[in-house]
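*Asks:* Residues per chain are reported as follows:
2 protein chains.
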Amino acid sequence: MYIPTFDDVKAAHERVRPHIHRTPVLTSSYLNELTGADLFFKCENFQKAGAFKVRGASNAVFGLSDEEARNGVATHSSGNHALSLSYAAGRRGIPCHVVMPRTAPQAKKDAVRGYGGIITECEPSTSSREEVFARVQAETGANFVHPYNDPRVIAGQGTCSRELMEQTDGLDAVVAPIGGGGMVSGTCLTLSSIAPETAIYAAEPDQADDAARSFRAGHIIADDAPVTVADGLKVPLKELTWHFVKNHVTDILTASEDEIVNAMILTWQRMKIVMEPSCAVPLAVILKNPEVFRGKRVGVVITGGNVDLKKLPWMQG
Amino acid sequence: MYIPTFDDVKAAHERVRPHIHRTPVLTSSYLNELTGADLFFKCENFQKAGAFKVRGASNAVFGLSDEEARNGVATHSSGNHALSLSYAAGRRGIPCHVVMPRTAPQAKKDAVRGYGGIITECEPSTSSREEVFARVQAETGANFVHPYNDPRVIAGQGTCSRELMEQTDGLDAVVAPIGGGGMVSGTCLTLSSIAPETAIYAAEPDQADDAARSFRAGHIIADDAPVTVADGLKVPLKELTWHFVKNHVTDILTASEDEIVNAMILTWQRMKIVMEPSCAVPLAVILKNPEVFRGKRVGVVITGGNVDLKKLPWMQG
Chain A
114 MYIPTFDDVK
124 AAHERVRPHI
134 HRTPVLTSSY
144 LNELTGADLF
154 FKCENFQKAG
164 AFKVRGASNA
174 VFGLSDEEAR
184 NGVATHSSGN
194 HALSLSYAAG
204 RRGIPCHVVM
214 PRTAPQAKKD
224 AVRGYGGIIT
234 ECEPSTSSRE
244 EVFARVQAET
254 GANFVHPYND
264 PRVIAGQGTC
274 SRELMEQTDG
284 LDAVVAPIGG
294 GGMVSGTCLT
304 LSSIAPETAI
314 YAAEPDQADD
324 AARSFRAGHI
334 IADDAPVTVA
344 DGLKVPLKEL
354 TWHFVKNHVT
364 DILTASEDEI
374 VNAMILTWQR
384 MKIVMEPSCA
394 VPLAVILKNP
404 EVFRGKRVGV
414 VITGGNVDLK
424 KLPWMQG
Chain B
114 MYIPTFDDVK
124 AAHERVRPHI
134 HRTPVLTSSY
144 LNELTGADLF
154 FKCENFQKAG
164 AFKVRGASNA
174 VFGLSDEEAR
184 NGVATHSSGN
194 HALSLSYAAG
204 RRGIPCHVVM
214 PRTAPQAKKD
224 AVRGYGGIIT
234 ECEPSTSSRE
244 EVFARVQAET
254 GANFVHPYND
264 PRVIAGQGTC
274 SRELMEQTDG
284 LDAVVAPIGG
294 GGMVSGTCLT
304 LSSIAPETAI
314 YAAEPDQADD
324 AARSFRAGHI
334 IADDAPVTVA
344 DGLKVPLKEL
354 TWHFVKNHVT
364 DILTASEDEI
374 VNAMILTWQR
384 MKIVMEPSCA
394 VPLAVILKNP
404 EVFRGKRVGV
414 VITGGNVDLK
424 KLPWMQG
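If you read the sequences in order, they're chains A and B.
So the number in this note's numbering is just where the residue sits in the first sequence, counting from 1, plus 113.
So the number in this note's numbering is just where the residue sits in the second sequence, counting from 1, plus 113.
Simulated from the structure, these hints should not be mistaken for laboratory data.
Any given hint could turn out to be false.
Since the list gives no way to pick out one identical chain from another, each pair is judged satisfied if it fits inside one copy or across any two copies.
In silico SDA-like cross-links for lysine to any residue, where the CA-CA straight-line distance does not exceed 25 Å [unchecked claim]: (1) Lys401 - Lys423; (2) Lys222 - Ser141; (3) Lys221 - Tyr143; (4) Lys221 - Thr140; (5) Lys359 - Thr216; (6) Lys423 - Asp344; (7) Lys423 - Ala312; (8) Lys424 - Gln382; (9) Lys359 - Ala312; (10) Lys423 - Leu147; (11) Lys123 - Trp355; (12) Lys359 - Asp319; (13) Lys222 - Leu379; (14) Lys401 - Arg383; (15) Lys409 - Asn262; (16) Lys359 - Thr118; (17) Lys423 - Val340.
These numbers come from a predicted model, not from an experiment.
Please work from the sequences and hints to get the whole structure.
*Replies:* Okay, structure coming up:
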C-alpha cells in the first residue's frame, strides 16, 4: 500500500489545475454570529462536475502514461466520482467505464452519459457489482480508479485544503464530512505537512457513524447499508483512508438526520448556495458542539452540489 | 421630479460601500455553451439582506441628515425593499416603519422583524395600504422611501451595474428583470453615462408584461394584480422609472411561466446558487431569443435570493 506524500499533492495540483476551478471561500456574518466562530466555507459545490471528487479523478486520469491511458479508466460508483471520472476522461479523450446498479436514478445515469461515461449496469448487490466490474475491466483493460481508496485520488483531494489554507491565511480547525474518507484523508495529508497545528474534524451522520465507531474502536467497522439523507456518506473506510483517519484526525463528530436537514436549510437560506445534504453535516456538528469551535477560525468543506432539486429532504414527509 | 445623475450614483457608491457587499460575478461554461453567449452573472442574491434593494435603501437611509433621520424611515412593501430598508435603518440606528398587508406570509413578517423593522398591518387593498401608510407617516414623521420611484433609490441601484462593468471589462448587453423598474432605471442611469454603447434589455413575465406593453404604447400601462411565479415583478412602472425605461432601454423581452421556471431550475442545477424566480426571467429571455445575444458578452443581474425553500415553483402542481 503506497501512502501518498505532500509532494504527491503538489504534483497533483500542477496536474489538475487546468481542469478544475480554484473554488471560492465564502463567509456568512449570520452563521458566524450563530456559531460564535469564524467560518470559512470552501465551496466545492461550484467545482467542475459539481464536486471535489474531480480533483482526485483528474489527478488519476492525467497522471497515466499514454500507454496506461490507452484503454481508458473504469470505476464503480453511482455518485460524484462517476461524474468526475467521466469528466476527466473526457478532457483527456479516453474512455471511462462506469459500473452502476440498474436501480440507480435515471438522472444520475443521464448525468454520467452527459459527461461521456460508458455505463454497464449491474444488479444492486456487492457480489453483482464486483462480478460485473471484473468483467468490464478484463474486457477493456481499463485502469481502475477507486472512488477513494487510491493514493492518486487522495493526493488529488489534498489540493482542496491546500487552496483553503492559502485563501484564509490559516485556520484553527477544518471540518469535512466523512464517508469513505477520501476528502478527510486528503485534508490530513495536506495539513499534517503544511499546518500540523490545525485540528481536523470529520463530520458524520448518526445513522451512518461507522467512521466514528471505527475511530473509537481502533479498527475499521463497516456498516451494512446505512440509511441517511446524507447519501454521499454511506460508504465505509478502506485501509488507505483508515491510515489517515487513525493517525491525523482530531475527532469524529456526528449529527442526527434532523440536525443535518436543518443545517442544510440554514445554509441554503442564508448563504444562497445549493449543496448536497452531505455538506450540511459539518455545520450540523459545529452547531451541536459550540464549545469545540467557539472563538476559532474554522474551515468547512462544502463537498458538492449535485442534488436532485425535485427531491429535497425537507419536502419528504 | 428630480432625475438622478451619474454623480448621484458615484455619491451613492461612497455612501453605501461600508454597508453592502461588492457581490461576485459568476460564469458558467455550460450556460455559455447552451446560449452561445458569454454570460456574466452579477450575484445580488449574495447581497446583504439577500437582494440588490439594499443598495437603494442604504443610499436613502445614509443620505439623510441627522435632523431628517431622527424620525426614521417608512415604506410599504412586503418584499425585499422592506427587508433592505429595515437592515439599513438598523445599521444607522433609526426606526424603520413598514406597512404590510396582514395577509403577507408570516416568514416575510418574521424576516422584516428580524432586521428590526416595525410592522403596521393593513388590509390587502391599495386603499387600506394608502390610508394606513398616511397615518403611520403622520404619526411618526418618518421619511418615506418608495421601493423604486425615488431618485435616491435609483441612484443606489445604479451602483450594481457600475460594479458589473468594472468586474467584466465591458459588456455588449445587460439584461435585468423589470417590475417597478428600479434596477433597470439604475442600470440605465449608469450605463448611459459610462457605457452608452452597451444595450440594455429588460426581462419580464408574459403574465405581468405591463412594462413591455408600456414600452410599445409609449405611456405607462399598469396591470391590476397580475399573476406570475416571478412575484417580485408584479408592480407597475412609475413616472421616474418610466423616464429611464422610455429613454434608455433597448427592448423589453418576455417569457412564459414555464420558461421562467425552467431557467430557474437550470441555474440552480448548473450554477448551484439559490435565487428568486424573478432572477430567472433574464436567462429565460436569453434562451428564447438566441439571435439577439449569440456571440455577445452579456451581463445578467441575479437580483435576489430570498425564496421560500418550502414552496419552490417546480414543487407546485
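*Asks:* Does each hint hold? Answer for all of them.
*Replies:* To see whether the hints hold, each was checked on the structure:
| no. | hint | result |
| --- | --- | --- |
| 1 | Lys401 - Lys423 | between (29 Å within a copy, 24 Å between copies) |
| 2 | Lys222 - Ser141 | between (35 Å within a copy, 22 Å between copies) |
| 3 | Lys221 - Tyr143 | between (34 Å within a copy, 17 Å between copies) |
| 4 | Lys221 - Thr140 | between (31 Å within a copy, 24 Å between copies) |
| 5 | Lys359 - Thr216 | neither (34 Å within a copy, 56 Å between copies) |
| 6 | Lys423 - Asp344 | both (16 Å within a copy, 21 Å between copies) |
| 7 | Lys423 - Ala312 | neither (37 Å within a copy, 36 Å between copies) |
| 8 | Lys424 - Gln382 | both (17 Å within a copy, 13 Å between copies) |
| 9 | Lys359 - Ala312 | within (14 Å within a copy, 59 Å between copies) |
| 10 | Lys423 - Leu147 | between (29 Å within a copy, 22 Å between copies) |
| 11 | Lys123 - Trp355 | within (22 Å within a copy, 57 Å between copies) |
| 12 | Lys359 - Asp319 | within (19 Å within a copy, 59 Å between copies) |
| 13 | Lys222 - Leu379 | between (30 Å within a copy, 18 Å between copies) |
| 14 | Lys401 - Arg383 | within (18 Å within a copy, 31 Å between copies) |
| 15 | Lys409 - Asn262 | neither (31 Å within a copy, 45 Å between copies) |
| 16 | Lys359 - Thr118 | within (16 Å within a copy, 64 Å between copies) |
| 17 | Lys423 - Val340 | both (20 Å within a copy, 23 Å between copies) |
Checked against the numbered hints listed earlier, the structure breaks hints 5, 7, 15; every other hint is satisfied.
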